[in-house]
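Participant: First to last, the protein sequences are chains A and B.
Using my numbering, read the first sequence as starting at 2 and increasing by one per residue.
Using my numbering, read the second sequence as starting at 1436 and increasing by one per residue.
Be aware that a few hints might be false.
[Claimed, not checked] Each computed SDA-like pair below joins lysine to any residue, with the alpha-carbon atoms no more than 20 Å apart:
(1) B:LYS1849 with A:GLU12
(2) B:LYS1827 with A:GLY44
(3) B:LYS1849 with A:ASN13
(4) B:LYS1849 with A:GLY44
(5) B:LYS1827 with A:GLU39
(6) B:LYS1849 with A:ILE66
(7) B:LYS1496 with B:VAL1461
(8) B:LYS1849 with A:ARG14
(9) B:LYS1827 with A:GLU12
(10) B:LYS1827 with A:LEU11
(11) B:LYS1849 with A:GLU62
(12) B:LYS1827 with A:THR40
(13) B:LYS1849 with A:LEU24
(14) B:LYS1827 with A:ASN13
(15) B:LYS1834 with B:ASP1796
(16) B:LYS1827 with A:ALA41
(17) B:LYS1849 with A:HIS63
(18) B:LYS1849 with A:ALA57
(19) B:LYS1587 with B:GLY1559
(20) B:LYS1849 with A:CYS19
(21) B:LYS1849 with A:ALA15
Because the hints were derived from the structure by calculation, they are not lab data.
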Amino acid sequence: MTLQQLSVFLENRAGQLCEVTELLAENHVDMQALNIAETADYGVLRLIVDAPQRAAALLREHCFIVRETPVVQAPVPDKPGGLNDVLRAIADAEIDIEYMYSVLGQKNGLAYMVFRVADPERLDAVLTRLQL
Amino acid sequence: MQRYYQSEIETASREQLLAWQNERLVKQVRHVWDKVPYYRKKMEEKGVSPEDIRGVEDLHKLPFLSKDDLRDAYPYGLLAAPLRDCVRIQSTSGTTGRRVVAFYTQHDVDLWEECCARAIVAAGGTEEDVCHVCYGYGLFTGGPGLNGGSHKVGCLTLPMSSGNTDRQLQFMVDLSSTILCCTPSYAAYLAESIHERGLRDKIKLKAGIFGAEAWSEEMRRDIERSLGIKAYDIYGLTETSGPGVAFECCEQAGMHINEDHFIAEIIDPDTGEVLPEGSKGELVFTSITKEAFPLLRYRTRDICVLSRKPCSCGRTHVKMSKPMGRSDDMLIVKGVNVFPSQIETVLLEQGYQANYQIVVDRVNSSDTLEVMVEMTAENFSDSLGRITEMEKGLVSALKAMLGIYARVRLVAPKTITRSEGKAVRVIDKRKI
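Use the sequences and the hints to build the structure in full.
Facilitator: This is how it looks when you write it as structure tokens:
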């Protein structure tokens, strides 16, 4: 399924990430996945939360720069070769993955991954056909 | 040892100097009135005509010229000679991105090079010397000016230009350079490199002519000790020709202004009032011998003091102190003029907000320039690749505007102090 990921600009200094998590904690926003890409000066925090719109508004109120991006969340069998099957299907469909990361925890023997691609609808269709 | 390049001029009596200035000023004012509509308009606005200027004592009646005038008149508006008589341009940065272009006839180039030759001779240069010029060549006046001066003196001239330290040191050792011309910070850097490589006993330097940026007496002593040389200051600006407007003699206390070519005044930067000798104020130059690009009462924005006390070197020309600061916000980084407004122009063009901070520092004797910019929602992306692309775009746009590398640091919004009264745009950590 496709959902909205929040990306937040973070300067590389002590306490920046904690400011975000504190804000989300105080407002009872549940984080489901988290990933950080960084350079020497700054990082991009990517978040999947249960209430993206509310969380984005909250962060903006506190002067964070937030961008909402549609991403695809897909189940991956939590066993050897599970991820490989999914990636094989994506490769066969000639879809470029810009980046991906895993969702915290697992349900019913399935792990979940988040994929950022140019055309999330198309990836969603490909992964649905896999019937995982 | 030859003490002067042009002794009759450099040691002329004050009366003689004044007579030259009077005659040349009157002629120059008439020349620009006839040839440059921009000047005529400025003079008319102030109600002055050439008849009112009978000598140096009337100089204060003329309107000032500022960097803004040079920008408004770009490129040909202040040109006072036919283009076919011009043989050269040099250029420096303007306040908001438009560059200042100065024109030279062959006569102007010759006079400029003579001024530089005076500086080289004052530093002990003769035709026996090997003059190692590592100021930048090109639009920047440093390289071409000292290069020309060195030719006039008859030194063997090494047109090294800036950078490539390995090559600099190789030539310095193999060709026995005796006079080094560069920015003081580059001299300090070369001195360190010479020591690191154990070349101290292999170099033959005896003097250095260092300018284009601020340096302290302490830095002078460090360089002198480290290289075993005498280090001399030189002053100039592209608008008035380039280096050689003023230079230090053996006294190493103030720079003699070439008064046969330039009339110097010190004014109150706020009121424009001319201040008496010995007062600290803004330096203003009138070029009385230039043909193509003569500037009348050009405000340098450099704050300094003039002194006509007799000098033990025998030169009679007035001395200026090292510039003690600026009456505008211009920075000199790696010898290059940088205006915060130029950086602002680039930021706005690149879609960033005009909220920024410039941090200048000196690391290992070399100036560093960092621009802190707040990230904006428009420029932000979930993709690190796209952000770094934008960042690279900003770095190259700054390089194109300033001519030097500026490190960009993207910071979170609202982290740069908003203006409370006066915004802190520049943090200069250099200890000069």
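Participant: For each hint, tell me whether it holds in the structure or not.
Facilitator: Here is what the structure says about each hint:
no.	hint	verdict
1	B:LYS1849 with A:GLU12	holds, 12 Å
2	B:LYS1827 with A:GLY44	holds, 16 Å
3	B:LYS1849 with A:ASN13	holds, 15 Å
4	B:LYS1849 with A:GLY44	holds, 17 Å
5	B:LYS1827 with A:GLU39	holds, 16 Å
6	B:LYS1849 with A:ILE66	holds, 11 Å
7	B:LYS1496 with B:VAL1461	holds, 13 Å
8	B:LYS1849 with A:ARG14	holds, 15 Å
9	B:LYS1827 with A:GLU12	holds, 18 Å
10	B:LYS1827 with A:LEU11	holds, 19 Å
11	B:LYS1849 with A:GLU62	holds, 12 Å
12	B:LYS1827 with A:THR40	holds, 13 Å
13	B:LYS1849 with A:LEU24	holds, 18 Å
14	B:LYS1827 with A:ASN13	holds, 19 Å
15	B:LYS1834 with B:ASP1796	holds, 18 Å
16	B:LYS1827 with A:ALA41	holds, 14 Å
17	B:LYS1849 with A:HIS63	holds, 10 Å
18	B:LYS1849 with A:ALA57	holds, 18 Å
19	B:LYS1587 with B:GLY1559	holds, 14 Å
20	B:LYS1849 with A:CYS19	holds, 18 Å
21	B:LYS1849 with A:ALA15	holds, 17 Å
In terms of the numbered hints stated before, the structure departs from none.
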